[in-house]
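Residue numbers (the working numbering), protein chains in the order written: chain A, 1 to 668; chain B, 669 to 1105.
If you are wondering where the hints come from, they were derived from the structure by calculation, not from laboratory data.
Just so it is clear, the structure is predicted and the values come from calculations on it, not from any experiment.
Using N, Cα and C, we set each Cβ at its ideal position, and we do this for glycine too.
Keep in mind that the hints are not guaranteed to be accurate.
[Claimed, not checked] Stretch-level coverage of chain B by chain A, calculated; a stretch enters the list once three of its residues show a Cβ under 8 angstroms from a Cβ in chain A:
#, region
1, 684 to 691
2, 1030 to 1038
3, 1064 to 1078
[To be verified] No more than 27 angstroms apart at the CA atoms, straight line, and that leaves these computed lysine-lysine pairs for BS3-like:
#, chain 1, residue 1, chain 2, residue 2
4, A, Lys-291, B, Lys-1028
5, B, Lys-1053, A, Lys-351
6, A, Lys-490, A, Lys-520
7, B, Lys-732, A, Lys-351
8, B, Lys-916, B, Lys-903
9, B, Lys-933, A, Lys-351
10, B, Lys-809, B, Lys-732
[Stated by the list, open to error] Restraint ranges, calculated between C-beta atoms of paired labels, are given here:
#, chain 1, residue 1, chain 2, residue 2, range
11, B, Arg-929, A, Pro-248, 51 to 59 angstroms
12, B, Asp-834, A, Glu-26, 55 to 63 angstroms
13, A, Ser-267, B, Arg-1029, 28 to 36 angstroms
14, B, Thr-899, A, Arg-374, 56 to 64 angstroms
15, B, Leu-908, A, Glu-26, 43 to 51 angstroms
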Amino acid sequence: MNPFRSGIVASPWESTVVDVNSIHHEVYEQCLQGIQQVRQTQRSAGLLIHGEAGSGKTHLLRRLRTHLTPSAPSDTDREETLYVWVRLQTSPRMIWRTLRRTLVDDWFRPVRGANSQFQRILFHRFAEIRTAEGDLERWYEFMLENDQPGLKELLDQIADALDLDRNTAVAFEHIAFGRHLRDLRAWLSGDSLPEAALARMDLAQDEGTDEEREDQSRQIVLMLCRLAGNGLPVVISFDQVEALQISPGDRDAVFAFGQVTSTLHDSTSNVLVVSCVQSAFNSILHDHARKSDLDRMSSLGAWTLHPLDRSQSRQLIQARLSQLDAAETETIPTSPGWPLSPAEFDALFAKNAFIPPRKLLSLCAERFEIWLKRSKQDSGDDLTQIAEPEKSAMPTAGDESVTSDTMETFFREKWTADFEQKRAASTPERTEEIVRHGLPMLVRLVAPDVKLVSDDLLPDVSLVFETDCGRTGVSLCTQANMNSLSARLKRLKIQQATGRLKRLVVVRDNRVPMSAGAKKTRQLLDELEEQQAVVMHPTVEALAALDALRDLLSDAKSGDLSWHGGTIAPQSLEDWLVANLAEGLQDLVDDVLGRPGNLGGETISDTRDVEALNTLLATRPLLPLDEAVEVLQRPIEVVTAIAERHPDRFRMLSGPPAILYRAEDMQT
Amino acid sequence: MAKKVPLLPLSSEARESLLQAVGSSREPQLAKSLAALLAPTHSVTEAQVTPVLEELVATGDLQKYALGKGKPKYWDRDLQELTRDAVLRAIKESAAPLTAKEVAAKIAPPKVAAANVSAILDAAVAGQLCFAFPSAKATGKPSFWHQDLREIGRQAVLKAAQQAGDPFTANELAGRLQTPVKLSETDVTGILEETVAAGTLHAIPATTAKGKPRYWTHGVLELGCRAMVATINTKGPQTLTNLKKLLKGIGDAQFQQIVDRLREKGSLVAHPPLGTAKQEMLGTRPPSAVPYLQEVGLQLKRIVGLLKGAHVPSDELRRAVVQLLTEAGISFGTSGDTSHLTGSPTAAVAETVDLVGAMKRIEPGAERGALVGARELRRAVRLPKSEFDHAVLELARQGRLSLHRHDYATSLTQEERDELVTDGDGTFYVGMALRPR
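Turn these sequences into a full structure, and let the hints guide you.
Encoded structure:
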């Protein structure tokens, strides 16, 4: 075991392995004082934290999150705090939606077997009004089992007192009674849900234009913060703010971020906004954010994560070594600063009196690795058995590979790991965010002459690319709710008719088929195609590749992509990505921009048939070809041709009987 | 035999010939001489030519010079002006001042009397065209030169004084001067006294009662400082009492000032009492640690021997000793101790510019560690780039602030990069934050 591995903390939700409290102690204390101030003054506040790449921003957030995790059951007089970590890998026009989804995910997240943060809100609200004394959680369990009407009555009291809107009150009630939690989580996250699911939960869902949906998300976030109440402060920490910038000099991103922090600051009374930004981003923030936003972002001050001095460096090394078991500890040299030699340790501080933690850990990891091999060699062990597990270990997100000999190898391994992870975690609910954030990055890489522009007169067209030949618009139509989809298509028809776009691309997701009864929706899609719109269905692989691409680029921009202790410049990664463009990504760009040779095979009837077959197979995953022909009322040759023409979507077992199925169903 | 041709009378055309004769003459001529100079075809007497010459004088074509009791002479040039030019040229071309007689001797014909030359020179001195220098002898004649000998002397004295490593007397300095005219001790003394009065040089008291006054570019305190450092360097670290004895002629107050000044500059280091000595010593370098640690070393050797005898593992001993030394304040790094840097020129720049103060002005939160952009600080202090960069790096080396790198500065434009701080080895820093003290 190399205790110096894992120099990067990928998420504050990771469990803490080792922590040196004296490092960044002052800033950490400021965070705690900030929470106390919010609790006491009942006014929201902001803390701005700077740090260079590898200085430990996410590590600090993990310490804070760990501290805020309750170690005992909720009780009437026990102060608690809620926590949200938002990694801003998103489009500047979707910040509120990303914040909403992240907040809901984090509040539903079970922590070390304890209650979710939503349940903690519930307990605190009960604690404010219940008359009984004693253990709060046991009382709640009793009420749930023996007095549900009484519990409902209390919930109504809370809703009235907080002036909750109907939807939030109903959602709160579902949480209290543990009902429909999966759909409820999706609803709270802003996912489009089928009418049946909404009906089951007795909740409504309005899907307006892009701007309206963003505004709805803003309202939901503010409402949820209000639900938590002044007795339960909420820490919302923003990380990777740099990733919001699609391209260098992108002013919209910083402006949008400033607006979000200001809204949270002014429209809530129990939120501490902790914004973590790279030191190199400091001047961009000051140049592009409004002064008033910046003031709110740092209303409790701007703080810096200092690199480590000699003493802190020794403490960190010692803490990491303490992870070794007793037998391992006995074998290692005991000189201070080991595995670095005294001279090497001194050399680190020769030019500058300080060193970033990540750089120190990376160097220690390399030296430890060398020592490990030598000591095994001295003891006569088989070196291949030592080296193999290290080399074969696939780097995971946030784990710096110290075994990658070249940057090329590192990129390849990192890409493979990231891509596999994204493919496994791919869900249609994330498609919109992936495309809206990732596609502009991809287009910038492979078609740098194409500009991303905005057009306020096309509110349902999320992305507009401009070339010398005209404008191409991309609209994400991945709603599972057919009413919402229908409304979107209807508006798109009107917007397409304005002639502001030379080409309109409607992006659908195969995994969200149109329901069998959505005739109106299907008809609208046909009509859009008649207006020269193009319907495309990116494959799961293409979406996973796009997700991996945006993830890696965001990490690079935020200084979180590290190799041998050094931070990899976004340009280096971009060069590699262009030279090693993943399969499907070039096609994706060509399809979107309508470059020659793409989407030629999809005629109007083809799209209609593809949608119909997809809908059918979504309900009957393994369907004999004959039955498909009968249901679709199309000749067998046509259905067979559709399956053969779209092997990325449909597969067919030759039989007999021939069986049809969806490609993604097999993958899942 | 040739027939005798009669001479022609003085015609009007002959006037031109007369003027030509005057113009070709190197000096004023008598009317008789001019009549003789006319062409032999003319039969002209002195009486005939004189009215014509007088007429030419009246029209301004000729000048008439009445010299003593003799007959007047005639010339077409201004003899006074010519003499004046010749006199001034003579003293300008001379390598040293000249008397009027010496000048007269150097002038080409027409010869000018010394008295006339003297009058011309006096007028030139009054018109600041040359300088007069009285003779060293009471009866001697003054000499004249186009350069101010006193100013030359003053410059020479100052130059020699600046080059002098030690105090000097006027006589010593006079011997070192390189001037066109040798300056006497009195001349040099006069110049030195003037310079002292102007504050350019300092007067240093004579070393003995009969000694002559000395002069130097530094004052008495500096002389004392140098003498003290030289004494210590020669004789080794000394107690204050010994130094007072060794530095004769310096009063108590001045002695104390000298000691304080040297201590402030770090040129004098106090050595803790060693062994049985009770007084601290003063040296010019830190004391050698060896004699001070000798006793501890002997004790350590003894205890290590005992512990080894008790089978304490070597690793544990090493760890304990390292810990002991670390706790005693000994860093095992070479770069940790940056106190030696505080006297460096860059440190001085950092102190002068007060970068820390500027950081606090730009960012009110800087005191508690808020980041200050390199660009903003650079614009605030307006130092040349290299000077600013060095000053910032110096403060970082001293541990007073931490620098924050820009990890991919190559993606920036040259202009943007220039606003960052660079160490010259390819590392760029985007900002800095004060470290808590």
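These are the hints, each one checked on the structure:
| no. | hint | in the structure |
| --- | --- | --- |
| 1 | 684 to 691 | violated (count 0) |
| 2 | 1030 to 1038 | holds (count 5) |
| 3 | 1064 to 1078 | holds (count 12) |
| 4 | A/Lys-291 x B/Lys-1028 | holds, 19 angstroms |
| 5 | B/Lys-1053 x A/Lys-351 | holds, 19 angstroms |
| 6 | A/Lys-490 x A/Lys-520 | holds, 10 angstroms |
| 7 | B/Lys-732 x A/Lys-351 | violated, 91 angstroms |
| 8 | B/Lys-916 x B/Lys-903 | holds, 16 angstroms |
| 9 | B/Lys-933 x A/Lys-351 | holds, 26 angstroms |
| 10 | B/Lys-809 x B/Lys-732 | violated, 32 angstroms |
| 11 | B/Arg-929 x A/Pro-248: 51 to 59 angstroms | holds, 56 angstroms |
| 12 | B/Asp-834 x A/Glu-26: 55 to 63 angstroms | holds, 57 angstroms |
| 13 | A/Ser-267 x B/Arg-1029: 28 to 36 angstroms | holds, 34 angstroms |
| 14 | B/Thr-899 x A/Arg-374: 56 to 64 angstroms | holds, 58 angstroms |
| 15 | B/Leu-908 x A/Glu-26: 43 to 51 angstroms | holds, 46 angstroms |
Figure legend: structure checked against the earlier numbered hints; hints not met, in rising order: 1, 7 and 10.
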